[in-house]
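Chain by chain, the residues:
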Amino acid sequence: MKILLLLSSVPDTTSKINFTENDTKFDENGIQFVINPHDEFSLAKAMQLKEKHGGELVVLNVGTAKTEPVIRKVLAIGADRAVRIDTEPKDSYFTAVQIANYIKNNDDFDLIMAGKESIDYNGGMVHGLVAKMTGKNFINAVIGFEVKDGNQVEVGREIEGGKETIQINLPLVIGGQKGLVKEEELRIPNMRGIMMARKKPLEVVPAVEAEPKTKIEKFEKPPVKGSIKLVDKDNLDELIDLLHNDAKVI
Amino acid sequence: MSILIYAESQNGKVSKGAKELASYAKAYADKTGQNVVAIGFGIENPDELYKYGVSKVLNVTNETLKQFNAEAHSEAVKQAAEKENANLIVISSSNDAVYAGPVIAAKLDAGYVPNVVALPEDGSDFIVKRKVFTSKGIAYTAILTNIKVLRLFKNSFGLAESPVDGSVEEFNPNIDLSVYETYKVVNVEKATGKISLADADIIVSAGRGLKAGENWGMIEELADVLGAATACSKPVADLGWRPHTEHVGQTGKQVAPNLYIAVGISGAIQHLAGVNGSKYMLVINNDPEAPFFKAADYGVVGDAFEVVPELISKLKTFKSNH
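Those sequence lines, one after another, are chains X and Z.
Heads up: the first sequence begins at 76 in the numbering used here, then just goes up one per residue.
Heads up: the second sequence begins at 4 in the numbering used here, then just goes up one per residue.
Derived by calculation from the structure, the hints in this document are not laboratory data.
Glycine included, each C-beta is placed from N, C-alpha and C at the ideal position.
Hints may be right or wrong, so weigh each one.
If you want the ones that stay clear, here's a sample from chain X, every Cβ over 10 Å from chain Z, calculated [unchecked claim]:
no., residue
1, Asn97
2, Gln123
3, His128
4, Thr139
5, Arg156
6, Val158
7, Thr162
8, Asp185
9, Ile269
10, Leu277
11, Val283
Some, not all, of what chain Z presents toward chain X, calculated at C-beta under 7 Å [claimed, not checked]:
no., residue
12, Asn98
13, Tyr102
14, Thr137
15, Ile141
16, Ala145
17, Leu147
18, Lys187
19, Val188
20, Lys193
21, Phe296
22, Tyr301
23, Gly302
24, Glu313
Based on the sequences and whatever the hints tell you, model everything.
Structure representation (structure tokens):
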């Protein structure tokens, strides 16, 4: 099975978010970058599929050289080789064009996996755009994936209050999330993996021309919450009053 | 020119999300001299949309198309947008809409912005305010294309009645139904009866402070009294005390109810990432240093096993008087 993993390098969840250059840029000072948490589920599944069915796992990232440490982590976990398209991911559409172009020139992947969204810009659209641009089928919010016969797979999709199982043929693009594998099945690099990752190919390719369709003009921090209204545990009537008259939620 | 909303429904009834889309679109339509058109699939109560300012409902009545399929529904939205000369398409943050969003954007060659929290800004450029960094930041994002798709962050705009004389029209888009064979739904599992986390106005959530899965009775009772859905923190799901479908947080569900009640949850950042879209948060925790108290609107420091039963009892009294 030939699998392409679309990787986002994102600020770790616990990062303090600040903006700089007159609030036009995200301040990367002191930020620890990691594999996008949703991508980790797709990566673990990709490794399981590779171990079961054989084949190759390629990891692809659209980013500048600063994403390479995170790419190397994916290689350390077990991807065979990596490709970095050398550009800032200007917006989701622009990023999708880069990925679609790579796929069109390397069009033998059975499965293209992404996380459902990246935790920095929460776009949740690159996978779907890539699928449309490359004429491939696409399923999002994937919480289960099983190879059936030959090219046929069964894909679990999260729906309101439950799960829908879709029977479909490869090739396929999916947006994965927790449920695709269990938490315990997530992979972390071991020493041997880290050593081997140094020798695995990380190819840098130039970006193609494309015009973004959106542009962030300015950032802002969300309004600071007013201080909490603490209610004494012996005075729950006051709490009910607040919920009813103040918040008006009951 | 029209603004088009993708109005979802359950069993023929217009969803709450669709009413929020209508409210948003109508407010913007009033500012810009446009009207609001909705595309729905098997809607039986279009008057619920007229109430929120939709002047025309394009109702797809084809039986096959009533079932969600991202490709088919996106194609229908595209044809509706072309038919109605709509440059602005607004969708919700339901699972289906999040799935269809990029497909709609690709078909319309449109700039697409998710997690929108307000009407477009005043001024000649089209700029919308949206949440980024999982609600830890706001980005004012310009859309540079003629056709634009917005995805509303749930519960960010609210419902606003603005009744108009609306009409419904049967809509028969030209769709290749073989997509339902390509994406063949072979099974659907749904928890029946319970309120889903996505639809719930109130959520009662609990964490490790409850000490054991057997202690959840009072949480379920509190949820019952409030007509709420139940949720839990990640450790509790990992321990098997509650099903994984209840896990809210960074890698679990993101929820945005009117009221999120957190019982015995400390408020780790990964958990807050799933719940900080909530309108109001109430924290009940024994530990006054719990980080959640810094993020919440209301708090009670105390033993959950005392506070929750008393709260249930007082709420029952309250409910019987209101």
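To see whether the hints hold, each was checked on the structure:
1. The claim that Asn97 of chain X lies off the interface holds: its Cβ sits roughly 13 Å from the closest Cβ of chain Z, which is beyond the 10 Å cut-off.
2. Non-interface call for Gln123 of chain X relative to chain Z: holds, since the shortest CB-CB distance, roughly 18 Å, exceeds 10 Å.
3. Listed as outside the interface, His128 of chain X is consistent with that label: its C-beta sits roughly 22 Å from the nearest C-beta of chain Z, beyond the 10 Å cut-off.
4. For Thr139 of chain X, the condition that its CB be more than 10 Å from all CB atoms of chain Z holds, with the nearest at approximately 19 Å.
5. Annotated as non-interface, Arg156 of chain X keeps its C-beta farther than 10 Å from every C-beta of chain Z; the closest such distance is 27 Å.
6. Separation of Val158 of chain X from chain Z is adequate, the least Cβ-Cβ distance of about 22 Å exceeding the 10 Å criterion.
7. Non-interface call for Thr162 of chain X relative to chain Z: holds, since the shortest CB-CB distance, roughly 18 Å, exceeds 10 Å.
8. The non-interface label for Asp185 of chain X is consistent with chain Z: the shortest C-beta to C-beta separation is roughly 16 Å, beyond 10 Å.
9. The claim that Ile269 of chain X is not at the interface with chain Z holds, since no C-beta of that chain comes within 10 Å of its own (minimum 24 Å).
10. At the 10 Å boundary, the C-beta of Leu277 of chain X stays outside the reach of chain Z, the nearest C-beta of that chain being 27 Å off.
11. With a cut of 10 Å on Cβ distances, Val283 of chain X stays outside the contact zone with chain Z, its closest approach being about 17 Å.
12. Interface restraint check for Asn98 of chain Z: the shortest CB-CB distance to chain X comes to about 5 Å, inside 7 Å, so the restraint holds.
13. Restraint check, Tyr102 of chain Z versus chain X: the minimum CB separation of about 4 Å is within 7 Å; hint holds.
14. Nearest Cβ of chain X to the Cβ of Thr137 of chain Z: about 5 Å, under the 7 Å cut. The hint holds.
15. Look at Ile141 of chain Z: its Cβ gets to within about 4 Å of chain X, closer than 7 Å, so that hint holds up.
16. For Ala145 of chain Z, the suggested interface contact is upheld, since its CB lies about 5 Å from the closest CB of chain X, less than 7 Å.
17. Hint status for Leu147 of chain Z: holds, given a least beta-carbon distance of 6 Å to chain X, under 7 Å.
18. The beta carbon of Lys187 of chain Z comes within 4 Å of a beta carbon in chain X, closer than 7 Å, and the hint placing it at the interface holds.
19. At about 6 Å, the closest approach between the beta carbon of Val188 of chain Z and any beta carbon in chain X falls short of 7 Å, and the interface hint on this residue holds.
20. Interface restraint check for Lys193 of chain Z: the shortest CB-CB distance to chain X comes to about 4 Å, inside 7 Å, so the restraint holds.
21. At about 6 Å, the closest approach between the beta carbon of Phe296 of chain Z and any beta carbon in chain X falls short of 7 Å, and the interface hint on this residue holds.
22. Using the Cβ-Cβ criterion of 7 Å, the hint placing Tyr301 of chain Z at the interface with chain X is satisfied: the shortest such distance is roughly 5 Å.
23. With a least beta-carbon distance of about 5 Å to chain X, the hint placing Gly302 of chain Z at the interface is held under the 7 Å criterion.
24. Interface hint status for Glu313 of chain Z: upheld, as the beta-carbon distance to the closest one in chain X is roughly 6 Å, under 7 Å.
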